Amino acid sequence: AAGARGGAKVVVEPHRHAGVFVARSKEDMLVTKNLSPGESVYGEKRISVDTPSTDADGAPTKTEYRVWNPFRSKLAAGILGGLDDIFIQPGAKVLYLGAASGTSVSHVADIVGPTGNVYAVEFSHRSGRDLINMAKKRTNVIPIIEDARHPLKYRMLIGMVDAVFADVAQPDQARIVGLNCHLFLKDKGGVLVSVKANCIDSTAAPEAVFAREVQKMREERIKPLEQLTLEPFERDHCMVVGRYLRSQS
Amino acid sequence: MAAVDYLLQETSVGYGLYQVVQQPDTIGNRLKEVQEATQDLARFGKMIKLVSFAPFQGAAQALENANDISEGIANDHLKALLEINLPKGGGGKRVVLGISDKNLASSIKAAFSSVDCETNDVVQDLLRGLRLWAPKLLKQLQDGDMDRAQLGLGHAYSRAKVKFSVQKNDNHII
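Those protein sequence lines, which keep their order, are chains A and B. Counting from 1, one number per residue, gives the positions in the first sequence under the numbering used here. Counting from 1, one number per residue, gives the positions in the second sequence under the numbering used here.
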């Protein structure tokens, strides 16, 4: 796999979703444009590609991309699974609940780029340390070490956002997402929720759990748009995408 | 329901106090037309009027206030803003202040006997409008000031959380 860094044969093409790219070599890889070139965040591979200069006789410039592993990131798994709309795009402001150590967050930060913002909420102090360190290198990431159940506690740190992404794996996650949307998400903004059936109810069938979660999101004024299984990357997981409708339809 | 007279906005750069000029509908609150009014700056700008903005004097003061707000405590900086700008409750006249947090309500009531706090849905919608248009409504702010303040405050707030945690391990929540 180290061959991917050889560089000569790799071609990077834009993905259907703005800000996401595909590196084509022996095998195709999902990549994002590295916001702090020269550094990996969690040991992921980097690919450097020559971009022809815009001047006629100028030297080509290097652009660095980081490989995004769908087995490690549910958003990457969702993108490879063919999500219709991810609402996360260059310039967007994203509220990320359940940021953990910030590995996936770093890719989201790459996507939204310098004009966007990622508000990364994580309650665990242990992963919070890593998250803060990652955010030092990416100034569009605002780390928030606080319980996503109590969004009022961090209301001073956040503005209005275009999208909410949640990977909190809690039984009451639909409520957590709802509370945060009511406070911070723009009307008609996007909601992406990763649902791990086991974390909600380990006794019921995954399909039944997913259906119940979608219903709970409806009650929080989130209109479901699509539901996608994260197979083969994760077992009994699905990604639910919806649109927040503040007004009654 | 009593009409809302004032709104309190808490941001990373300071506190904003707004007067509600045009009372919003309480009944059609979730109707499309009413919701769209908040999203249109021209229309929303006519519903509220900035009374005063109390910026933080530095990162330390901002952090102190962020911590207090998170715990529902009315900081002296906030009390000073309300003291100066809210009308004095002479002759039993009461003022209704719309805020986002019930915990803060009790702290404000304890300090100002003539102020009633309101946190209902109508208030929340107005506060959403303030959050959405904050960089435009606070005219003394430069482009990007709010983002920079959020970044600095987020780091300071989170660093303090991690640093002062007694247990080095995770808090397990079910």
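Incorrect hints may appear among the rest.
Claimed, not checked - With a cut-off of at most 27 Å between alpha-carbon atoms, the simulated DSSO-like pairs for lysine-lysine come out as follows:
1) K186/A <-> K49/B
2) K223/A <-> K196/A
3) K33/A <-> K9/A
4) K223/A <-> K93/B
5) K186/A <-> K136/B
6) K32/B <-> K49/B
7) K163/B <-> K137/A
8) K136/A <-> K49/B
9) K223/A <-> K188/A
10) K46/B <-> K186/A
11) K161/B <-> K93/B
12) K32/B <-> K216/A
13) K93/B <-> K139/B
14) K136/A <-> K32/B
15) K139/B <-> K161/B
16) K79/B <-> K32/B
17) K161/B <-> K79/B
18) K136/B <-> K32/B
19) K79/B <-> K93/B
20) K102/B <-> K186/A
21) K136/B <-> K188/A
22) K93/B <-> K186/A
23) K46/B <-> K188/A
24) K216/A <-> K186/A
25) K216/A <-> K102/B
26) K79/B <-> K136/B
27) K102/B <-> K79/B
28) K9/A <-> K45/A
29) K163/B <-> K186/A
30) K188/A <-> K32/B
31) K161/B <-> K137/A
32) K26/A <-> K45/A
Hints in this document: simulated from the structure, not taken from any laboratory. All figures in this text were calculated on a predicted structure; none of them were measured in a lab.
Hints, verified against the model:
| no. | hint | verdict |
| --- | --- | --- |
| 1 | K186/A <-> K49/B | holds, 22 Å |
| 2 | K223/A <-> K196/A | holds, 20 Å |
| 3 | K33/A <-> K9/A | holds, 18 Å |
| 4 | K223/A <-> K93/B | violated, 44 Å |
| 5 | K186/A <-> K136/B | holds, 16 Å |
| 6 | K32/B <-> K49/B | holds, 23 Å |
| 7 | K163/B <-> K137/A | holds, 20 Å |
| 8 | K136/A <-> K49/B | violated, 38 Å |
| 9 | K223/A <-> K188/A | holds, 9 Å |
| 10 | K46/B <-> K186/A | holds, 20 Å |
| 11 | K161/B <-> K93/B | violated, 42 Å |
| 12 | K32/B <-> K216/A | holds, 22 Å |
| 13 | K93/B <-> K139/B | violated, 31 Å |
| 14 | K136/A <-> K32/B | violated, 41 Å |
| 15 | K139/B <-> K161/B | violated, 32 Å |
| 16 | K79/B <-> K32/B | violated, 36 Å |
| 17 | K161/B <-> K79/B | holds, 25 Å |
| 18 | K136/B <-> K32/B | holds, 23 Å |
| 19 | K79/B <-> K93/B | holds, 19 Å |
| 20 | K102/B <-> K186/A | holds, 23 Å |
| 21 | K136/B <-> K188/A | holds, 21 Å |
| 22 | K93/B <-> K186/A | violated, 36 Å |
| 23 | K46/B <-> K188/A | holds, 23 Å |
| 24 | K216/A <-> K186/A | holds, 20 Å |
| 25 | K216/A <-> K102/B | holds, 25 Å |
| 26 | K79/B <-> K136/B | holds, 25 Å |
| 27 | K102/B <-> K79/B | holds, 16 Å |
| 28 | K9/A <-> K45/A | holds, 16 Å |
| 29 | K163/B <-> K186/A | violated, 33 Å |
| 30 | K188/A <-> K32/B | holds, 12 Å |
| 31 | K161/B <-> K137/A | holds, 20 Å |
| 32 | K26/A <-> K45/A | holds, 15 Å |
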